[in-house]
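Q: Chains A and B, in that order, are what the protein sequence lines are.
If you count by UniProt numbering, then the first sequence holds residues 1 to 419, one letter each, in order.
If you count by UniProt numbering, then the second sequence holds residues 1 to 419, one letter each, in order.
The hints are simulated quantities; they were obtained by calculation from the structure and are not laboratory data.
Please note that a few of the clues may not be correct.
Said to hold, decoys possible - DSS-like mimics (lysine-lysine), calculated; alpha carbons at most 27 Å apart, straight line:
1. B:116 with B:54
2. B:100 with A:363
3. A:295 with B:322
4. B:100 with B:179
5. A:50 with B:322
6. A:105 with A:50
7. A:171 with A:54
8. A:212 with B:128
2 protein chains.
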Amino acid sequence: MKAEILAVGTELLMGQISNTNAQYISSKLPDVGIGVYYHSVVGDNPNRLKESLKTALERCDVVITTGGLGPTQDDLTKETIAGVFGKRLVLHEESLTSIKNFFNKIGRQMTQNNEKQAYMPEDSIILKNNNGTAPGCIIGQGSKVVVMLPGPPSEMKPMFDDYVMPYFKNKSEFLIESKFLRVFGIGESAMETLIIDLIDGQTNPTIATYAKEGEVTLRVSAKVKVGEDSEKILKPVIDEIKKRAGDCLYSDRNQNLDSLVANLLLEKNITIATAESCTGGLVAETLTNFPGISKVFIGGVVTYANEAKEEILGVNKQTLEKFGAVSRETAAEMAEGVRKRLNTNIGISITGIAGPDGGTAEKPVGLVYIGLSSESGTITKELRLSGNRNRIRTVTALHAFDMIRRHILGLKIEIGGQK
Amino acid sequence: MKAEILAVGTELLMGQISNTNAQYISSKLPDVGIGVYYHSVVGDNPNRLKESLKTALERCDVVITTGGLGPTQDDLTKETIAGVFGKRLVLHEESLTSIKNFFNKIGRQMTQNNEKQAYMPEDSIILKNNNGTAPGCIIGQGSKVVVMLPGPPSEMKPMFDDYVMPYFKNKSEFLIESKFLRVFGIGESAMETLIIDLIDGQTNPTIATYAKEGEVTLRVSAKVKVGEDSEKILKPVIDEIKKRAGDCLYSDRNQNLDSLVANLLLEKNITIATAESCTGGLVAETLTNFPGISKVFIGGVVTYANEAKEEILGVNKQTLEKFGAVSRETAAEMAEGVRKRLNTNIGISITGIAGPDGGTAEKPVGLVYIGLSSESGTITKELRLSGNRNRIRTVTALHAFDMIRRHILGLKIEIGGQK
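Just need the whole structure built from these sequences, with the hints factored in.
A: Structural data, given as structure tokens:
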């Protein structure tokens, strides 16, 4: 079955909010065998909504609308869609009682216009709103189904999960199950080249690649009959991709590199300290996003000025003078210094030129060194990155996390540099 | 002029990412007199893209596409749209050179499929991609204009700002000119109440308030003919708002609190060092987003464990034992310690409980102390914040920046706490 998600709301067209509802619904529908083919957004305008609904019904079997079910005059999704199907709106007593109870509960007077929310298209399935006032509904006509959901995500999501997913699951014959593989260290086009025969040769499962800043995600999707195991379709292809991507493939469960590293550190109880220059604390800040990380993340320093590198990390003045702040040598001493200072298993350091200024012919913007110090010694990696300051910092942090991952798992670490 | 934003990408229909590009573009187009009437999303499928483009061209004057310009076989926006307009794709030498340079710079081999990105529709205006490989373009035919932009927001946004906005500005008869006023320390509904008479009474300019995490932005927009001065419409209203918001209004140029502080530090050559616990380096990381900040930001430390607070900052063991790590006393010693250690004008410290664990009845999640040490002494501020870990960290950082701003400008600093 094909679906379109049609959002109704001028605030989306004004750019005040992003259409996260479409993302949420889209991520779930494949599980019940429904492919999402289109998203669309229209404003609170009955004619444009009617036209958009007609287009959606022509090209899809299922149309899911979000928004426009509220109490104000702007809210006209129900009225418009009922009109297209030639249905009247009739008072749904149970919904009216729910709305009254809702206002009682929050201790506010129910205004007259709220009654409008209890008028529902005749012959529709009413979806109770446990988190707000506007009920949703499902209208079916022939082979077409229209589901209307409220706009606020806090109301839409539970209604969708509790009532809409079970409704479609009951009707579904096929399901699509996807696995997401995460790769760091191979660019998108190189990754595609690596597996182009698999992409071209497959119809079930299908494979798609897409790039995020500095990394690549692969989606492998199998279409199966209800009750059938997707594993036997997915596994051989995933195994083959794993073989080709090697240890650049770091997760087959759609995990971020940073959360993977945080989990590894916690699991193995490996303590860590960070010493950052051009990333300005990004690695520390990312790590400390994880609740409970204080067990292994002891501390970090951001040493921008040379004096800070000397004073806090004990980097040698001579090292800074001879090789410069952005050098393998300084990176090594920073990593060793922070590890010693905070008495951790791992010390990780970053020093580089994030730009836009500060580059020279010899040491251009984008030149970065990462140091990793541990009981088994210190290694440093050279990066030559492109892009703006923000990209250089983000990609550098990813490289640092990848180095930590490789160190913990005993994988090879390329040290970069062409000399 | 009416516009539709047409995103191309199966990853959107699979719910892997949200269509933030549409939000970004929608928030800007009104400034050049273009109203956004529709958003739509289609997958990487030439037939559905063609149909969607035709629908968009029927109902709108301007169609802006995002995505599908990359090097892989999936990427077919250019090919499809050129087809609809009956245009060939021709090699754009300059773009090919840019792409080659891009790969040289990052030290990776350019694969054959990347050349595809340099083939552009004939007679189109080429939009240079300064942050990636895929150029964009503008095709005009009769009264219709199609703009094609790359999908990654880090490439799309600067291309849109640098080339697309000026292109439309040149063609527009009316402009909407907006000023954005930034307020910290007054909530959204309190702010609206403060100026409700202005909001209700005005048609040109219009005033809108919107809340971001922890702060409020006011947009004051004047509609003017091209060449007409918006200042005389905007200024009286803005002056009145400034009077009412007082020193909580920190920018009338839509500047972030952090960038305002970075500029103040640089302008006045005030050096700073940071000592963070629960924010994990967020203040340092935010500050170091600013190019050139190394002149005044000497360094920072992230002291998660008590030992790190003692070892690096010289916080007294007794202070930690008697008052705890999350206390005014520890915050004060952290700020003083980092200032002394790195010999700066200002030392700023943060210690608190970001949750979800670690709270007690006496010291609940959301309790945070900020310390600011300078030549004129040390002050500490107590916050009691609500929300999840991420919100607590973000809002705490904003409070720290506001304290620095108030310190530098000699404004009053509330120290919080009810005793």
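Q: Give a verdict on every hint.
A: Evaluation of the provided hints:
Note on residue 116 (chain B) and residue 54 (chain B): the hinted pairing holds, with a Cα-Cα distance of about 24 Å set against a maximum of 27 Å. Between residue 100 (chain B) and residue 363 (chain A) the alpha-carbon distance is near 21 Å, which keeps this suggested pair within the 27 Å criterion. A C-alpha spacing of about 22 Å is found between residue 295 (chain A) and residue 322 (chain B), which places the hinted pair at or below 27 Å, so the restraint holds. Under the criterion of a C-alpha separation no larger than 27 Å, the hint pairing residue 100 (chain B) with residue 179 (chain B) is inconsistent with the structure, at around 41 Å.
Using a Cα cut-off of 27 Å, the hinted pair residue 50 (chain A) and residue 322 (chain B) is violated, with the two alpha carbons roughly 68 Å apart. Straight-line distance between C-alpha atoms of residue 105 (chain A) and residue 50 (chain A) comes to about 36 Å, which puts the hinted pair past the 27 Å bound. Among the hinted pairs, residue 171 (chain A) with residue 54 (chain A) is consistent with the structure: their alpha-carbon atoms are about 23 Å apart, no more than 27 Å. Straight-line distance between C-alpha atoms of residue 212 (chain A) and residue 128 (chain B) comes to about 20 Å, which keeps the hinted pair within the 27 Å bound.
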